[in-house]
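If you want the building blocks of each chain, they are given just below.
There are 2 protein chains.
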Amino acid sequence: MNAIGVDVGGTKIAAAVVSSEGEILNEVRYPTQAVPPNRLVETIARAVTEVKDGYAVGGVCLAVPGLILAAENKVVFSPNLHEIEDIRLDEEMGRRTGLSVTVENDANAAAWGEFRFGAGKDVDHLVFITLGTGVGGGVITHGVLLRGSQGSGGELGHVTIDPAGPRCGCGNHGCLEALASGTAIERRAREVASELPNSALGRLAIQRRVLGEDVTRLAQEGDEAALQVLQETGMWLGIGLAGFVNVFNPEVIAVGGGASRAGEFVLGPARKEVQLRARSPSRDLVQIQEASLGPESGVLGAAALARGEDGEYVLGPSKRVT
Amino acid sequence: MNAIGVDVGGTKIAAAVVSSEGEILNEVRYPTQAVPPNRLVETIARAVTEVKDGYAVGGVCLAVPGLILAAENKVVFSPNLHEIEDIRLDEEMGRRTGLSVTVENDANAAAWGEFRFGAGKDVDHLVFITLGTGVGGGVITHGVLLRGSQGSGGELGHVTIDPAGPRCGCGNHGCLEALASGTAIERRAREVASELPNSALGRLAIQRRVLGEDVTRLAQEGDEAALQVLQETGMWLGIGLAGFVNVFNPEVIAVGGGASRAGEFVLGPARKEVQLRARSPSRDLVQIQEASLGPESGVLGAAALARGEDGEYVLGPSKRVT
Numbered sequence: 502m503n504a505i506g507v508d509v510g511g512t513k514i515a516a517a518v519v520s521s522e523g524e525i526l527n528e529v530r531y532p533t534q535a536v537p538p539n540r541l542v543e544t545i546a547r548a549v550t551e552v553k554d555g556y557a558v559g560g561v562c563l564a565v566p567g568l569i570l571a572a573e574n575k576v577v578f579s580p581n582l583h584e585i586e587d588i589r590l591d592e593e594m595g596r597r598t599g600l601s602v603t604v605e606n607d608a609n610a611a612a613w614g615e616f617r618f619g620a621g622k623d624v625d626h627l628v629f630i631t632l633g634t635g636v637g638g639g640v641i642t643h644g645v646l647l648r649g650s651q652g653s654g655g656e657l658g659h660v661t662i663d664p665a666g667p668r669c670g671c672g673n674h675g676c677l678e679a680l681a682s683g684t685a686i687e688r689r690a691r692e693v694a695s696e697l698p699n700s701a702l703g704r705l706a707i708q709r710r711v712l713g714e715d716v717t718r719l720a721q722e723g724d725e726a727a728l729q730v731l732q733e734t735g736m737w738l739g740i741g742l743a744g745f746v747n748v749f750n751p752e753v754i755a756v757g758g759g760a761s762r763a764g765e766f767v768l769g770p771a772r773k774e775v776q777l778r779a780r781s782p783s784r785d786l787v788q789i790q791e792a793s794l795g796p797e798s799g800v801l802g803a804a805a806l807a808r809g810e811d812g813e814y815v816l817g818p819s820k821r822v823t
Numbered sequence: 502m503n504a505i506g507v508d509v510g511g512t513k514i515a516a517a518v519v520s521s522e523g524e525i526l527n528e529v530r531y532p533t534q535a536v537p538p539n540r541l542v543e544t545i546a547r548a549v550t551e552v553k554d555g556y557a558v559g560g561v562c563l564a565v566p567g568l569i570l571a572a573e574n575k576v577v578f579s580p581n582l583h584e585i586e587d588i589r590l591d592e593e594m595g596r597r598t599g600l601s602v603t604v605e606n607d608a609n610a611a612a613w614g615e616f617r618f619g620a621g622k623d624v625d626h627l628v629f630i631t632l633g634t635g636v637g638g639g640v641i642t643h644g645v646l647l648r649g650s651q652g653s654g655g656e657l658g659h660v661t662i663d664p665a666g667p668r669c670g671c672g673n674h675g676c677l678e679a680l681a682s683g684t685a686i687e688r689r690a691r692e693v694a695s696e697l698p699n700s701a702l703g704r705l706a707i708q709r710r711v712l713g714e715d716v717t718r719l720a721q722e723g724d725e726a727a728l729q730v731l732q733e734t735g736m737w738l739g740i741g742l743a744g745f746v747n748v749f750n751p752e753v754i755a756v757g758g759g760a761s762r763a764g765e766f767v768l769g770p771a772r773k774e775v776q777l778r779a780r781s782p783s784r785d786l787v788q789i790q791e792a793s794l795g796p797e798s799g800v801l802g803a804a805a806l807a808r809g810e811d812g813e814y815v816l817g818p819s820k821r822v823t
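Sequence lines, in order, name chains A and B. Be aware that the first sequence starts at 502, since it is given in my numbering, and climbs by one per residue. Be aware that the second sequence starts at 502, since it is given in my numbering, and climbs by one per residue.
So that you can see chain A by itself, here it is in the shape it has in the complex (with noise of 0.2 Å):
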């Protein structure tokens, strides 16, 4: 049977109808902006509603960033969608849908989209990491999906790669999210671009507010400070990936997430320095590689999460999910 993925993110809502096969079959959006005050469990209950449009549909998983508990259903705490917070939403959901419905955190699902349908679908043992304002996560080891005591856990973001580095958004120094998220790429083109102010990364720097994807535009085109801020975040996220191997011993590293496009630009430092700091043979056997299923992880991953009334997972994974 079908199931429904719910990507319940800061900018957009999107759900989406998916087969066993992990096709999409119907998908709605919508701004998560538009929504009025008090009205996010209503609208994401709307966006269900709209996407089941007549489809079979076995149960529903949302998937939404911050901490969650699986067992409960519950938001315990999202950054900027405090108003879902605290509600039992497979209850406040299933009386809106009439369908069954869990919850689980956006990056999990993602690394469950990537290991059910995407660049770890042959494999048992898959870290994803994914680089956007921040750095997410997930794990799945001997194919259980890492969740941790209380839902947690896989916060690969917040392992601490360089003690007296840049502060980072959780509170501690120097970790991987500091240094290798699309914010941490800004920080360090500002930095590169007043130290090599006759660079192009220097002279848009006078002009306006530097993105991360300008480092990447400039890059591709030769500029030689857009190359050292994205070789430095390689590296960055290499010594990073470097402790995952030896923990984890993965057949992939999927990267994903906005800052992922500057693709060879940073995979290719991150994997030199993957051979350099992590042992044999696990260092030998991974493969470090882009994520294949792009944004859409979310709602794939959450799909393939979604538990019918008996519990089970709806479509059915081979693999096991704790």
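Simulated from the structure, these hints should not be mistaken for laboratory data. Among the hints, erroneous ones may be present.
Each pair may be met inside one copy or between any two copies, as identical chains are not told apart.
Said to hold, decoys possible - In silico EDC-like links for lysine to aspartate or glutamate, alpha-carbon gap of 20 Å or less:
{"hint": "1", "residue 1": "Lys553", "residue 2": "Glu543"}
{"hint": "2", "residue 1": "Lys773", "residue 2": "Glu573"}
{"hint": "3", "residue 1": "Lys575", "residue 2": "Asp785"}
{"hint": "4", "residue 1": "Lys513", "residue 2": "Asp785"}
On the provided structure of chain A, position chain B as indicated by the hints.
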């Protein structure tokens, strides 16, 4: 039924008959140094036969340091035990003992011992870390022993926590092992001794080589230099543990190994660092404590990982091993 666990170490071979409740019914030990060349397999087999001594036993598991291919019951690489590399130990040992024999990494076995019978016996998520000459580790997440795709996962000692830090035995710089092992304590003790020559540590270092246990003893006597060494070690340990807290969201982190005898001198600063660096709610939940089985964790864990002729775990774990 009972099982036999064997801890095949660089200094001793310890074999024990263990009951389903984790009770050691019989134990024998041989110093590894006394084993004649090319007699290691034979000696292990003798230890097994001797310890069996009339007990009903369903299977044997050998815990070996180094890289293990668990699926093939083979030691791929073991720093001080080259003799047993690349041998089908299940076949060689089975022939000699008439028992079903499997092989496991020693730190994973010790972690499993703490999980089944020790500091982690009441939880589903345990991080075990052993501070000895090196830093070893093992992780149980959702009741699953994390081996990774080749059985070389769980290498917690080789995550980078200070990219420009001291060189590690593995070739990398700034691994947790390079900063928080017994070896690291001795190295740092030499440095602090020369900075503070009038401290008790400084005076001892002039007379002879300072060992880890000297540092603990001097700290207990209140020597400032020794206290500083252990406080710094605990801080580095805490930086590593904070990452594991965010990644694994475990209920318990159990710290074992020789250097853990420094107890609160190391664990106190480690806990403080975890509170500074890890995220809620994971950091609020986790208990960081001394491992409870001591050096017996290896034989106990190995016994609990022994499989019978039918491939089932002899001591019948209630939790999952993959």
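Is the C-alpha distance from Lys773 to Glu573 at most 20 Å within one copy, between copies, in both cases, or in neither?
Neither, since 42 Å and 31 Å both go past 20 Å.
One pair to classify: Lys553 and Glu543, alpha carbons no more than 20 Å apart. Within, between, both, or neither?
Cα proximity of Lys553 and Glu543: one copy only (15 Å, versus 67 Å across).
Up to 20 Å CA-CA - Asp785 versus Lys575, copy category
between (40 Å within a copy, 19 Å between copies)
20 Å Cα threshold - placement of Asp785 relative to Lys513
neither (39 Å within a copy, 32 Å between copies)
The structure is inconsistent with the numbered hints 2, 4, although it conforms to all the rest.
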